[in-house]
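Number of protein chains: 2
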Amino acid sequence: MPEFFNVLPPDDARALLLQHVRSIQETELLPTFEGLGRVTAEEIRSAEALPPFPRSTMDGYAVRAADTFGAGDVLPAFLTVTGEVRMGTAADMPLKTGEAVIVHTGGMIPDTADAVVQIEHSQLVGTPNESRFPYEIEVFRAVAPGQNVIQVGEDIAAGATILPAGTCLRPQDIGGLLAVGVSDVMAIRRPRVAILATGDEVVSPASVPSPGQIRDINSYSIGGLCIGAGGIPVFGGIVPDDIESLREAAARALAGADMLVMSAGSSVSVRDMTVDVIAGLGRPGVLLHGVATRPGKPTIVGAIDGKPVLGLPGNPVSAMIQFNMFGIPAIYRLQGLQQDPFHRKISARLTQNIASESGREDYIPAHLDETAEGITATPIFGKSNLIYTLVHAEGLIKVPLNHSGLMAGDMVEVQLF
Amino acid sequence: MPEFFNVLPPDDARALLLQHVRSIQETELLPTFEGLGRVTAEEIRSAEALPPFPRSTMDGYAVRAADTFGAGDVLPAFLTVTGEVRMGTAADMPLKTGEAVIVHTGGMIPDTADAVVQIEHSQLVGTPNESRFPYEIEVFRAVAPGQNVIQVGEDIAAGATILPAGTCLRPQDIGGLLAVGVSDVMAIRRPRVAILATGDEVVSPASVPSPGQIRDINSYSIGGLCIGAGGIPVFGGIVPDDIESLREAAARALAGADMLVMSAGSSVSVRDMTVDVIAGLGRPGVLLHGVATRPGKPTIVGAIDGKPVLGLPGNPVSAMIQFNMFGIPAIYRLQGLQQDPFHRKISARLTQNIASESGREDYIPAHLDETAEGITATPIFGKSNLIYTLVHAEGLIKVPLNHSGLMAGDMVEVQLF
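Going down the list, the sequences are from chains X and D.
Here the first sequence is numbered in this note's numbering, starting from 32 and rising by one per residue.
Here the second sequence is numbered in this note's numbering, starting from 32 and rising by one per residue.
Just to be clear, a hint being listed does not mean it is correct.
[What the hints assert, rightly or not] Per the computed footprint, the stretches of chain X lying under chain D, defined by three or more beta-carbons under 8 Å from a beta-carbon of chain D, are: (1) 91-98; (2) 170-176.
[To be verified] When the alpha-carbon atoms are kept at most 16 Å apart in a straight line, the in silico EDC-like pairs for lysine to aspartate or glutamate are as follows: (3) X:414 <-> D:185; (4) X:376 <-> D:43; (5) X:376 <-> X:400; (6) X:328 <-> X:404; (7) D:127 <-> D:167; (8) D:328 <-> D:43; (9) D:429 <-> D:388; (10) X:429 <-> X:404; (11) D:376 <-> X:401; (12) X:429 <-> X:392; (13) X:376 <-> D:400; (14) D:429 <-> D:167; (15) X:376 <-> D:401; (16) D:376 <-> X:400; (17) D:414 <-> X:185; (18) X:376 <-> X:275; (19) X:376 <-> D:444; (20) X:429 <-> X:42; (21) D:376 <-> D:444; (22) D:376 <-> X:404; (23) X:127 <-> X:115; (24) D:328 <-> D:115; (25) X:429 <-> X:441; (26) X:328 <-> X:43; (27) D:376 <-> D:388; (28) X:328 <-> X:392; (29) D:429 <-> D:444; (30) D:376 <-> X:115; (31) X:127 <-> X:167; (32) X:328 <-> X:303.
If you're looking for bench data, these hints aren't it; they were derived computationally from the structure.
All C-beta atoms, glycine included, are put in the ideal place defined by N, C-alpha and C.
Working from the sequences, and respecting the hints, build out all of it.
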């Protein structure tokens with residue numbers, strides 16, 4: 032039997048794994064919109080200022096602010112409207128003292144103007160025909176220089192960094208890039224995650240199992256989690272429980288991928304075999320065998336030459352929880368992300384007490400409800416190897432390492448799948 | 032000028048819109064794994080029990096529980112081991128009183144056994160050769176009937192509902208379906224969301240804008256949000272600000288899609304034109320013009336014959352916030368989802384005071400930090416039309432309708448993009 036490594040707390044275990052993950056260096060150039068969800072391979076700077084011209088934030092009149100100083104309801108300022116800046120055209124008319132031009136929201140203001148009077152704060156003098164310039168207006172409120180104007184470069188300055196390397200592109204980032212003419216982005220290649228199922232009892236989901244056999248579901252639940260994290264699952268099929276088959280399948284799968292996940296059987300002999308196989312794949316091999324969590328303690332965490340390798344417990348709930356804990360952060364790290372995105376945990380109010388053991392992190396599937404007082408989490412108790420506890424759950428309640436349990440009414444952290 | 036509708040609070044406005052959305056009835060049959068993220072069109076029942084045979088949750092011995100009653104360290108029970116159930120094979124050996132068979136975690140137990148003794152709670156008598164049955168063991172702990180066994184159908188019963196219609200398939204759902212041999216699923220067709228940009232100042236992101244022109248970014252930031260909600264963006268391009276062009280483009284876009292989004296200019300005249308165009312497309316037309324939020328008040332919410340139609344403000348931040356508020360729930364509803372998924376809001380501790388006006392919901396872009404005390408949210412103040420306030424943000428702080436502001440230290444709701 033191989034040497035057993037220490038059982039580490041999950042945060043330490045994950046940190047140890049991530050230390051051994053080398054980010055993918057291969058990149059690909061993508062049209063910006065197709066970069067959604069992808070991670071930038073290099074810092075992106077703006078060649079242009081945004082906006083490239085001073086823009087009005089209101090419908091109204093571009094003015095020289097000084098011409099309105101002291102204006103009020105009793106003593107309005109009188110200005111002469113000399114023209115209109117039509118949308119999409121340059122504001123190339125000069126503005127003399129005492130003059131104003133019509134501008135629309137988002138339109139350019141002349142460089143001789145420095146503020147915009149909102150149309151509601153003005154009034155025509157007499158009943159002129161607006162199409163016949165010049166005409167007179169009264170202005171009832173003073174505007175400060177710069178008021179109701181977005182200055183050149185106020186959104187982003189020319190030469191400024193738009194996004195650092197290692198940014199996962201969201202819709203607003205796509206918008207920010209396109210706004211300054213960045214029409215393609217250099218992204219990290221998506222990680223290929225090889226997934227092997229092992230076990231003499233495991234058959235393809237397309238089969239009708241004989242007595243004693245079960246269908247492989249871990250490949251696909253783990254595969255689904257991969258996709259959500261930006262990885263590409265590469266299904267390696269089902270490998271029998273003998274060490275030579277497993278060695279060969281693991282070596283071949285790892286060679287063609289950036290990460291290897293083995294969903295092993297749960298018996299001790301199969302776990303030991305998985306440890307041996309990972310140890311034999313290269314350096315450093317097995318980093319730890321055992322994590323202080325329930326479910327999932329017998330997880331094997333390793334790395335081979337910068338590629339993360341996981342040996343997951345065979346039971347489908349443990350496998351998903353452990354992949355969520357180690358596999359997803361590893362896929363992010365392979366893409367060069369330094370921090371997980373912020374969408375994987377929420378706070379909720381617990382509806383029932385939960386007992387736990389100190390010194391171990393527990394994860395309990397939970398049903399979430401949206402109530403007038405906020406989100407509540409109701410634990411779904413059941414044997415940890417029933418996939419339907421997860422099907423009926425919206426998240427996992429985390430019982431922290433050094434708690435002996437949680438009480439109804441406590442605010443708890445819920446991890447979402 | 033058309034009649035102005037009441038300005039509604041956002042929750043009421045959204046409820047009004049969703050009342051007018053008709054879910055898509057067209058379905059498509061997909062291989063189960065390809066159904067990830069798709070919504071089920073019909074209830075799915077299990078034809079099989081899971082597990083289909085009683086399974087051990089431990090490495091150990093399948094026994095008749097009654098044979099161990101009263102066993103303890105001082106007075107162990109003696110049992111005769113008559114064989115082994117190998118993984119993936121049927122446990123077809125009968126078990127007489129006083130007999131036991133070796134079973135592995137996940138393996139089948141004989142139907143004449145009703146419990147499993149963990150191997151750690153037993154000891155061989157003498158030093159027999161394990162491969163030579165029968166041999167004797169001592170058992171030091173009693174097991175109850177059913178202990179360490181998953182019963183037939185304990186995960187899911189034959190004939191039970193696996194998932195109701197209108198479920199968005201997650202990785203664990205894929206696993207649950209494959210486990211019972213459901214190899215394809217009937218899913219709602221993905222909604223096609225037509226997106227039109229309007230504005231004489233708007234040019235394609237591939238263009239170099241002249242003075243007074245800006246690039247269309249809303250089509251793509253909104254398109255990105257569509258994809259995240261399961262929709263397919265259909266880019267209709269840029270339409271000039273004249274009513275006939277707009278009418279024609281909107282009618283054509285709506286005919287080929289399940290939803291229409293017009294990212295209109297922000298000036299009053301353009302908004303009025305958008306209202307007229309939506310009103311002219313069919314019934315019921317414009318549902319409301321104005322939502323009590325900042326940014327985004329001038330949003331136009333409508334529906335034509337079950338298809339949602341939105342007229343978004345032209346400024347990119349308002350457009351995204353309003354699409355998040357109305358567009359995403361509408362895309363979910365088109366797919367038959369009755370409730371948004373739970374991943375769009377988190378709680379965080381506010382780091383600075385925020386002033387607001389009562390009677391209006393404010394959304395303020397926020398930078399999130401993960402600290403030892405939990406997630407903190409720091410508001411990013413700035414004119415609401417700067418896309419980079421969103422690029423630098425991880426979420427939006429919501430200031431509820433009837434608050435005059437929020438204080439540093441308050442727990443606040445943060446919506447994530």
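*So which of those numbered hints doesn't the model satisfy?*
1, 2, 4, 6, 10, 14, 18, 24, 27, 30
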